[in-house]
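Protein chains: 2
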Amino acid sequence: MTDFAAWSRAVQARTEEALERVLPVEAIAPSKLHGAMRYVTLGGGKRVRPMLAFAAGEAVGADAVRVEAAACAVELIHVYSLTHDDLPCMDDDDLRRGKPTCHRQFDEATALLVGDALQSLAFEVLADPGLGLDPVVQVEMLAILARAAGSRGMCGGQAVDLDSTGRHLDLAELEFMHIHKTGALIQAAVLLGALASGSLAEEPRRRLQHYARCAGLAFQVMDDVLDAEADTATLGKTAGKDAAQGKATYLSLMSAREARAYAQELMAEALDALTPFGTRGARLADIARFIVERRY
Amino acid sequence: MTDFAAWSRAVQARTEEALERVLPVEAIAPSKLHGAMRYVTLGGGKRVRPMLAFAAGEAVGADAVRVEAAACAVELIHVYSLTHDDLPCMDDDDLRRGKPTCHRQFDEATALLVGDALQSLAFEVLADPGLGLDPVVQVEMLAILARAAGSRGMCGGQAVDLDSTGRHLDLAELEFMHIHKTGALIQAAVLLGALASGSLAEEPRRRLQHYARCAGLAFQVMDDVLDAEADTATLGKTAGKDAAQGKATYLSLMSAREARAYAQELMAEALDALTPFGTRGARLADIARFIVERRY
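Top to bottom, those sequences are chains D and H.
Numbered by this note's numbering, the letters in the first sequence go through residues 28 to 323 in order.
Numbered by this note's numbering, the letters in the second sequence go through residues 28 to 323 in order.
If we strip away everything but chain D, and leave its shape as in the complex, we get (with noise of 0.2 Å):
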């Protein structure tokens, strides 16, 4: 088994591949917003949603073929979300992933239509009938994506996360908003790679979530102490903006030291969910150790 670093970047390596077929070249009309897309999309970014997919997918014996589609589709809806996110409208941001944002780079109504196209590029893609999947289990992905992009998931969480700019939130309204925010999609990502196996029974879903639910959480737990700790070159993105936002953050309802101690529980919580998958559940442990001590 290759160590995880080496995983990810062959996990990383494949999504762009992907990522770089699916979406249309540049040539193809209209061509500005093509560009544009690409320019979002490919060359950067973590790929901490397909990595969890392929991980799912491995835990439960997936082909790899078809997790792809998977990876692609959750990763579309997070680029979609993070080019929208960025819009003056919203967190006004000049910098992602180390480059000028969508609308800086090109212009608002370009990023906006870049952001539009992406969310439906990644439902075309996981609804490819050349797939080869059970059409009974394709229908159900879609409806998970589409469900953990909506309104009651990811759009839902950056809903909350507007309203309760400059307002104090407590830990359980906090929670509430990231498991929506981030932690839809995240779930989503995690579900689609094992569901590409074909089938999921009851119980290691149930599992699959609660480790989706709690490594979600501690990746926005950690995601707020490197807000707070780190400087922009490293993270890419231009830092100490939240609290500079008013945002409501882990670091508002607690120390810097605690917020590390509860991202590590939630680790140990993620991993005993696990336990069941035995070998096979080694990449999904090894994403949620990779969350609570990345330093980016």
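No wet-lab data here; the hints were simulated from the structure.
Do not rely on the hints blindly, as some may be mistaken.
Identical copies go unnamed one by one, so any copy, or any two together, can satisfy a pair.
Dumping the calculated DMTMM-like pairs for lysine to aspartate or glutamate here, alpha-carbon to alpha-carbon at most 20 Å [said to hold, decoys possible]:
id : residue 1 : residue 2
1  : Lys59     : Glu296
2  : Lys59     : Glu202
3  : Lys274    : Asp190
4  : Lys73     : Glu230
5  : Lys274    : Asp134
6  : Lys59     : Glu200
7  : Lys59     : Asp30
8  : Lys274    : Asp254
9  : Lys274    : Glu135
10 : Lys59     : Asp190
11 : Lys73     : Glu47
12 : Lys73     : Asp30
Knowing the structure of chain D, use the given hints to seat chain H on it.
Frame of chain D; chain H shown alone:
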């Protein structure tokens, strides 16, 4: 057979009820987002795309219950596109369907999220495993909707529209734009309505696509004529904006009289494509006539 006015009122009422049912109620968090999604979607609109879906369903004998999901899905995509199109970075419009636009009634960030969440909801509605559709056909329907909404469909048309502002387009360029911007979703409405029957052979599919292409262009030609000739109160949206914004329209290429004649020609071609459907194609024929003869 009831007359077209009664039929279209019945379809509008049915669509309204179905949309009312699929949109989360305001009591579900996040309340403001759900309220805004309902604000832009319910209580207005000509519901041309749902009418096309139901009429295409009738043309091939589809069960209306199954058509309903298709009708909702295309209308949700349409409403999301209007919401984003009205934003300051796009058309910057204040009035839509006789009411303040979403970003005027709420705020820009909410309007952005409303559009994003409505797009997700469209796919969620169509991916409902409880619809009783053959899952192979359901996956195809989802693929058609995704493609029609995306960068090689509606979003692509919007991008071409943006880039063409203040620039002269010839007829071929103008029609390329419209075939994407509005035509793709109109074609999807017709195809999805017909596919709700469970299957669609090559020949009727080709004919329905040709019908949709002609009817879609006729719709756009008449939109340009009405935008120039009608007043804001009749349209329910700001009249005369296209010319004021330097947008390419049919009226920059021909007189209003020539444009009306062109719309008539397109209508005749649309009606011709319906011949093999006999009386079952009557509603699609009614809609083609309505598109060309409407006053708003």
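Structure versus earlier hints, numbers of those that do not hold, lowest first: Numbers 1, 4 and 7 - these are the hints that the structure violates, sorted from lowest upward.
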